[in-house]
Every structure is written in structure tokens, then in C-alpha cells.
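Listed below are the residues making up each chain.
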Amino acid sequence: VSATDRPTGISPLESGLRELFVADAPAAAPGALRERVLRATETTEQLAPRARPLRRWGDRGSRPRLLLLVAAALVLALLAGASLVVGGRVRQPVTPTPAPSPAASPRPAWLTGGPTYPALEPGQPYSFDVPVPVTFSVPAGWDFWLHGYSDPMTHAGLASGIVNERYTASVVFVVVSNIYQDPCHSQKGLLDPPLGPTVDDLVTALAHLPGFVIAGPIDDTVGGLPAKTLAHTPTSPEGTCDGANDPMLPTPPGGHYAGGSMITRVLSVHGTRLMVLSWTPLPDPADAAADVATILKTVRFP
Amino acid sequence: VPALIDLPARQVLVERAMAGDHDAFTRLVDDGLDRLHAIARLILHDPDDAQDAVQDALVHAWRELPRLRDSERFEAWTRRLLVNACHDLARRQRRHALVHLAASVAEPAGPDGWRAVDERDRLRRGFARLPVEQRVVLVLVHYLGLSGPEIAAMLELPIGTVRSRLRYATRAMQAALEADDRVGSPLGEGAR
Numbered sequence: 001v002s003a004t005d006r007p008t009g010i011s012p013l014e015s016g017l018r019e020l021f022v023a024d025a026p027a028a029a030p031g032a033l034r035e036r037v038l039r040a041t042e043t044t045e046q047l048a049p050r051a052r053p054l055r056r057w058g059d060r061g062s063r064p065r066l067l068l069l070v071a072a073a074l075v076l077a078l079l080a081g082a083s084l085v086v087g088g089r090v091r092q093p094v095t096p097t098p099a100p101s102p103a104a105s106p107r108p109a110w111l112t113g114g115p116t117y118p119a120l121e122p123g124q125p126y127s128f129d130v131p132v133p134v135t136f137s138v139p140a141g142w143d144f145w146l147h148g149y150s151d152p153m154t155h156a157g158l159a160s161g162i163v164n165e166r167y168t169a170s171v172v173f174v175v176v177s178n179i180y181q182d183p184c185h186s187q188k189g190l191l192d193p194p195l196g197p198t199v200d201d202l203v204t205a206l207a208h209l210p211g212f213v214i215a216g217p218i219d220d221t222v223g224g225l226p227a228k229t230l231a232h233t234p235t236s237p238e239g240t241c242d243g244a245n246d247p248m249l250p251t252p253p254g255g256h257y258a259g260g261s262m263i264t265r266v267l268s269v270h271g272t273r274l275m276v277l278s279w280t281p282l283p284d285p286a287d288a289a290a291d292v293a294t295i296l297k298t299v300r301f302p
Numbered sequence: 001v002p003a004l005i006d007l008p009a010r011q012v013l014v015e016r017a018m019a020g021d022h023d024a025f026t027r028l029v030d031d032g033l034d035r036l037h038a039i040a041r042l043i044l045h046d047p048d049d050a051q052d053a054v055q056d057a058l059v060h061a062w063r064e065l066p067r068l069r070d071s072e073r074f075e076a077w078t079r080r081l082l083v084n085a086c087h088d089l090a091r092r093q094r095r096h097a098l099v100h101l102a103a104s105v106a107e108p109a110g111p112d113g114w115r116a117v118d119e120r121d122r123l124r125r126g127f128a129r130l131p132v133e134q135r136v137v138l139v140l141v142h143y144l145g146l147s148g149p150e151i152a153a154m155l156e157l158p159i160g161t162v163r164s165r166l167r168y169a170t171r172a173m174q175a176a177l178e179a180d181d182r183v184g185s186p187l188g189e190g191a192r
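Chains B and Z, in that order, are what the protein sequence lines are.
So for the first sequence, the numbering used here puts the first residue at 1; every next one is plus one.
So for the second sequence, the numbering used here puts the first residue at 1; every next one is plus one.
In case anyone wonders, no lab produced these hints; they're calculated from the structure.
Note that the Cβ used here is the ideal one computed from N, Cα and C, for glycine as well.
Certain hints may be false.
Partial pick of chain Z residues on the chain B-facing surface, computed with a CB cut under 7 Å [unchecked claim]:
1) Q11
2) V12
3) V29
4) D31
5) A76
6) L144
Examples of chain B residues lying across from chain Z (beta carbon under 7 Å, computed) [what the hints assert, rightly or not]:
7) F21
8) V37
9) T44
Pairwise CB distance ranges (calculated) [claimed, not checked]:
10) D121(Z) - L225(B): 16 to 24 Å
11) R69(Z) - E35(B): 44 to 52 Å
12) A40(B) - P8(Z): 26 to 34 Å
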């Protein structure tokens, strides 16, 4: 159901927002603004008309945001089944593993609460308490994204993550105990029989997901712990996946974008099987990948 | 704020402005400034930021007008430029949001933090906590009354993206209100 397509019913929240906007919207712009605009435009030269076709207005901005949805969808594709027991939500500071930086490490700031997407301070240690306690820091240009996110369709699985401010890369920590048979066709349901409990069980299942070109698994480390890493590159044309009615389903509205890769690292953190996912799509895979690598170097599991 | 100029007349003005006629552009500004300003105020909250965003958008529009392919899309185009300007302003001012996040982390929720508030203030605070892209879609839907396809056309986004943004925004708004119930402090006022 699309609430944006002429909704027939108005929820209390929607009607409240409408009243709020009507009340808060100023009836007229300040006169000084008009003068500012006209002065500024009078002294601004117009560009010459283009001799060749224009680039679409949305080309630059829409794709990264679409890719964000793709990233979210692929994360959520893996959020299913009965979740493993995860750390409690008691908000206690975690002492991070000392960073290699010679500078003194400040206490990590807990990333909890949502749903705002505040910018993160470069170099500042941050912590998630779920799905496992983890600390990390980020380079410039990254935002808090998800905390304690659970797939509402299955009410299982748990994820927390960050995203860059251009929505071209994300790093998400996820715990699941089952995955979809085919993330692009969620109606097929979850793996049956369900996924086994070990790291190898999940790695094997991920290595055989349909609809992707899959590289790996290869041996890796995350936060000093041994991990198996795979790369999934979607093969379906953009817009051909299901899940079109709800972004919480495995694929986003509009389908996924056949570019970039989801890198999945599977490891055991104090007995909990964790996936560390990163999406490094076009148009700047190199920049995004470099940022992700920088972040992953700082990951610690206290 | 109703449009003062009918569509054919506006199109003539747009085409004149595209040819460099600043007087025509001035009339277009007079026709649309109040609405653009209202949109920016709702999205950004801050009156100074809103004026900056409107100015940025209109200066951009003037400069780029000769390259506008379809004069009929002038209004949607300027709104899109305004939304982009709001994003840019918010991006430049992210550090404010970080301060408030730190405050929210440092202050535990508890019954002492709760206070009865007017429902509109509660909504206003919840809305202020949302990231700017979610505010944008809520304003376009619930203030301008645009449909999903209209927003998609205006912002040149896939319709699915618009729908999902609205869902995220609605859910985030509900979560913000719930958080407000628990904490009762306007932590998000500075979030942009």
C-alpha cells in the first residue's frame, strides 16, 4: 500500500503533521529576502544554453540514495529467522580496545536511540551495544544509521550500522540465524531446512545464494578475530526484484541496482555468530571501499 | 499561498527569463517566493537557514535557467533546487546534530525528564529530530499535498524510493514521538 498515492485514510499522525505544517508555515517571505534574491541574481551571469543534451537533474543524487535502499534491502534480506541471544541493552559504557593511535582514546559514545541520523565525529570511538558490543571509529563524512533494527516481518535478527553521508556506503553489524532462499524473490521464503548454527553453515549458505556473482569465501580478520569474507554482486537488472511494497522486505522498491558489491564477513564474537556487512557501490566504489577499510581497522569487540 | 500567475503566463515568463530577462525572473520570484520560503522554513526550522536556502536555490535557478529543457517544469525544478539547498545547508551544519546526540546519550531517560506538552509541540520536536531527507518528504506530502508520483517526478527519484522514504519518515516520526514520551526533552532541536 502506498501512502503517498492519494491516501484514502488519514492517520492521527498525518493529520497532526498537516495541522502543524499549516500552523508553522509563514504566510509570507520577509521582504528583505526578496531584495537579497534579486540583488544576487542581478549580479549573477546566466550560463550559456547547452549545446548537447542535459544530464538528468536526478542523476547525481538519486542513484546513491537508491543504492542506500539497496544496501538496506540486502541487509534486511539477511535478517530473518529466530535471532540468537544477543547482548542485553543495558547502556553501560564499553571500554574500547586501545587504538593504535598515539593519542589518548576518549570513552566511546553509545549510539543508541535513533531514529535520527546524526553525523559522527571523525576519530571519536563509538559503540553499539547490539547485536554484539562493538566499538569503532569513522573517517569524516559518516552518519549513525541503524540501531537495534529488527526485520518487522520476522521480528527476528538484529542489526546496527552506519552510513556515509552521501549514502554510497554502509557498515552494518548483523546477527541472524536464517536467511532468505533468494533475496531477490522473498516469496520463496527462508531456507528450509533452516540454516545451521555455525559460522561455516552461514558461509556455505551465503556462498550459494542465487542472483549474485559471488566471490570467496576467503580467510580474513575483523577486530582481531578470524572471519570468512564473501562478496555478492547482484546480477538481476535494476527493478526486477520483489519487495516492491515495503522497504522492510528483502529488496527495496524499484528493485536492486546491478552495480557495486555487498561484502559480508562472518565471524564468531564471543560465541555469537556475527555478520559485518559493507556496501560499496558505484559511483565511488574506491572511495567507499577505502572508508570501509578504515572503519574496519578500528573495529573491536570488547 | 496560491499561485498568482496562471500557467500560460508563467510559461511565457519562464521563457523570457531563460533568455536573460531579469524582470521576468523577478515576477517569477514574486509569484513563488512565499511558497518556497514556507517550504524551507518547515524543513529547516531556522529562519536564517531558510532564507539562505531560498536564496541559494533561486540564484542557482537564475544561473541555470538557460539550460532548463522544459519551461513547464520550472516550478518543480525550483522546488527541487530548494530541496537540494536544504540538504546542503543541513550537511554543512551536521556538527550541531552531533552535539545533541551526545547530549541524548549522556542523559538517561527517566520519569523526571517527562513533562506534559502540547501535542503540536510534541509533533514539532519529533519532526525536528528527523534527518532532513525525511523532513523533506513529509513536507512535500503533508504540506504541499503532493502524491508519490508527483514527488518522484519533482525530485527525479524512483517512485519506490519516494515511498520508502515516506515509510521510513513516518516510522521515524513515530519512534521520535515515543522517544519524546520517554525522555521528554527537546534533544533534537538542533538536529538538521
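Checked against the structure, which of the hints given earlier come out wrong? 1, 2, 4, 5, 6, 10 and 11
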